[in-house]
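Protein sequence lines correspond, in order, to chains A, B, C and D. Positions 130 to 363 (our numbering) are the ones given, in order, by the first sequence. Positions 130 to 363 (our numbering) are the ones given, in order, by the second sequence. Positions 130 to 363 (our numbering) are the ones given, in order, by the third sequence. Positions 130 to 363 (our numbering) are the ones given, in order, by the fourth sequence.
These aren't lab readings, by the way, just hints derived from the structure by calculation. Check the hints yourself; a few may be wrong.
Identical chains blur together in the list; that is why a pair holds if it fits in one copy or across any two.
Here are the simulated EDC-like cross-link-like pairs (lysine to aspartate or glutamate), alpha carbons at most 16 Å apart as the crow flies [what the hints assert, rightly or not]:
1. K207 - E356
2. K163 - D289
3. K207 - D244
4. K357 - E248
Number of protein chains: 4
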Amino acid sequence: MSLENLEATLQEAFDASTKIYEERGFRRRIGFGKKPALISVDLANAWTRPGNPFTCDQDKMDQEIIPGMQRLLEACRKQNHVVVHVTTAYQMPDRNNPHTDMGLWHCKIPMEAVDLADESLWQIDSRIAPLDHEYVMMKKRASSFHGTPLAGYLRSCGVDTIIVTGVTATACVRTTICDGLADGFRTIAVRECIGDRVPGAVAWNLYDIDSKFADVETVDTCVAYLEKTPGAAA
Amino acid sequence: MSLENLEATLQEAFDASTKIYEERGFRRRIGFGKKPALISVDLANAWTRPGNPFTCDQDKMDQEIIPGMQRLLEACRKQNHVVVHVTTAYQMPDRNNPHTDMGLWHCKIPMEAVDLADESLWQIDSRIAPLDHEYVMMKKRASSFHGTPLAGYLRSCGVDTIIVTGVTATACVRTTICDGLADGFRTIAVRECIGDRVPGAVAWNLYDIDSKFADVETVDTCVAYLEKTPGAAA
Amino acid sequence: MSLENLEATLQEAFDASTKIYEERGFRRRIGFGKKPALISVDLANAWTRPGNPFTCDQDKMDQEIIPGMQRLLEACRKQNHVVVHVTTAYQMPDRNNPHTDMGLWHCKIPMEAVDLADESLWQIDSRIAPLDHEYVMMKKRASSFHGTPLAGYLRSCGVDTIIVTGVTATACVRTTICDGLADGFRTIAVRECIGDRVPGAVAWNLYDIDSKFADVETVDTCVAYLEKTPGAAA
Amino acid sequence: MSLENLEATLQEAFDASTKIYEERGFRRRIGFGKKPALISVDLANAWTRPGNPFTCDQDKMDQEIIPGMQRLLEACRKQNHVVVHVTTAYQMPDRNNPHTDMGLWHCKIPMEAVDLADESLWQIDSRIAPLDHEYVMMKKRASSFHGTPLAGYLRSCGVDTIIVTGVTATACVRTTICDGLADGFRTIAVRECIGDRVPGAVAWNLYDIDSKFADVETVDTCVAYLEKTPGAAA
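So that you can see chain A by itself, here it is in the shape it has in the complex:
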């Protein structure tokens, strides 16, 4: 398969869809609010580094996602914005255990590959290491909101806007964005900082997201917004 052909063909489909959507009042801009949080989804070693079933596209990771995240983190830290580093692991990664905390997800994908006992797997990538006062939140399902205290946490911080990065576009990033909107937050997806591991998936998921669930914005736009917006008093 030619990836160039895939991209061109997808772009044609997106253009045709955009025409329909715009005629009907979809693809509106939700905009940035007054108090943002950066939600970084599964940028932990099992996803960011080689050698795991969950390893994502390494060129994209090293050349776009990590450098983009470094710029976003720097902007958040200057202004003391909320940052949440989300990761995923299981206490009982044994598919034969009928009571595994993987629930049913291992019946679709290889969740047994992230064992809580091996911290190197679920630790946030050292290139974007959390600071002590940044929340490292463990989840068990795809969405960062589902079965976690995230929505209540963000409300208690006064957050009204989530800026979402990470992997994968198909699963944990998309479900996080959909839930975030439903939970009452303005939703921004950072174009360069969302990855996946199969061809086309980033493109079509960002297209769906931009049409219905979040504004897809560049790192530059997000950094400019974060830098000019006051965070919590130091």
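Based on the hints, put chains B, C and D in the right spot on chain A.
Using the frame of chain A, we list chains B, C and D on its own:
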């Protein structure tokens, strides 16, 4: 744009992705459980009939989704399986009301088009009209589980498997499936009974769903399963 | 039983408990925030008027709860604060229906007494009738947050504080307050506007709430706060 | 205050309430289902051992709760029933951190006393130490269900009944039970295995729970049920 070209190109991308997914242990089969429920998402007039911003692909609706749903309903009713007809509407569909029950979703898509005061908009399509003992559940967000009693309801009925149909693949069906899996239910997406309103969206969303969140199965397969599986005693 | 003796004895227990709580750092004040919402729980006819299994203490209702609510509503309406009128009813109030939307709650209490088909049961009491732009939210469980869009709705309105009234102290009010705090909202319980139907229940539930989950404040204090706090621009 | 007087007076109030409740159809029995889980709430050192603000009544703990839990655990382990050990701790237990994962709860009670960095605080009491295949679930709020994957986890295990123990009656046990019922599970509270730290609180909370949210049953009854009920195949 040629839709045939789109389909062929997407199929190439899916094939390439499937190779990667299968090497890594994705795309497993979750299987049917012992006690199913049919969850029919937004097959209400604003989505199934012409003339609304939410109107979906009418050929697909009339020729595949509705006839498929009729067969699924018949099989469920024979065995007294749980059926939930999900629909969506707003008490305050005024975008200038800062306290509208649309939340923030109208900032992305035209939710103001489904006014609770006009029952004809959110009423389930008469071709698949609910029976009195089938739950017609109103939701406000994309997912049938988010901000609704659905997960608790299904657990109280003893349900372990959800068979999901409706519109749209991009939004309410996909989020329902992702949440259903996270909430501990076996998840089945009915191939012919899931629609949308833009080119390619059904194909790529079903592909993502089948790879990570639910088994995509035909109406025939689902009907056969429903017919042979005992439901509640009459 | 002498109710005066009950009250005196409970007060002794509360005093002894308060000593322990205060030594250990419990019973802190959470305080009012910047953007309140009034959450009025189950002040619908089945609870506020005579003749239903859910009917609450009528003296308290007529002399304190309704008059207090009228003052709170007036203050909210002057400033355009968010008001949510919560009520409860069931589409399938038949205990023999294995798929009833009552879930399992009818296995403990007579939920079958609020039939969705009889609007007079679940309609908000006419003495505190909702205005058109005030959200009338139907719930199925005790908590106003559980299985409803309330948390996301309030976040989308920018609300950071919930002022809770209604019935009963034991069930729907207490669970609403506990969930509201967990969902990230400052929680205020209005002393005169919370009722029940059995002796002692208001006293001990308000005591527990004040110790751990919300500040219990008078109508006067809440009205003064609501009047001086700016709501949404008209 | 005389505790004997408190107990006698509360019993009078309960008797008067029971009369009202029974006339109206409250205080029904929900009963045990077919597939139980034992949910043990906050029986970690900060609550079970002396010296912490959260320390509970030590006589009750040592003489009733821990011995009762040992019998319940033994019965569960014989039959391979689901056991969940719930505990609570915070990554950022600093009240001056505006982004603490304590959310707003520290504004009411001293949550800063359970620091995630000090495992001795939140570790489950060694007298009822978890086995490797029993889920040790960290929560941040009162309810074991709120902001956790518990409901989905239990559904994925096929559980239909939760047997709840732990501390405190006022907060984490009561909210867990209320949420469990709302999430569709049959709810059983184990009389001898639920504690608190102030006089009367266990009595009135168990009374409210028994009247509306769960059956209060003895250890003997629960052990007999657990022993005769088949769990997961080994």
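field: Numbers of unmet hints, in rising order
entry: Checked against the structure, the hints that fail are numbers 3 and 4, while the rest are satisfied.
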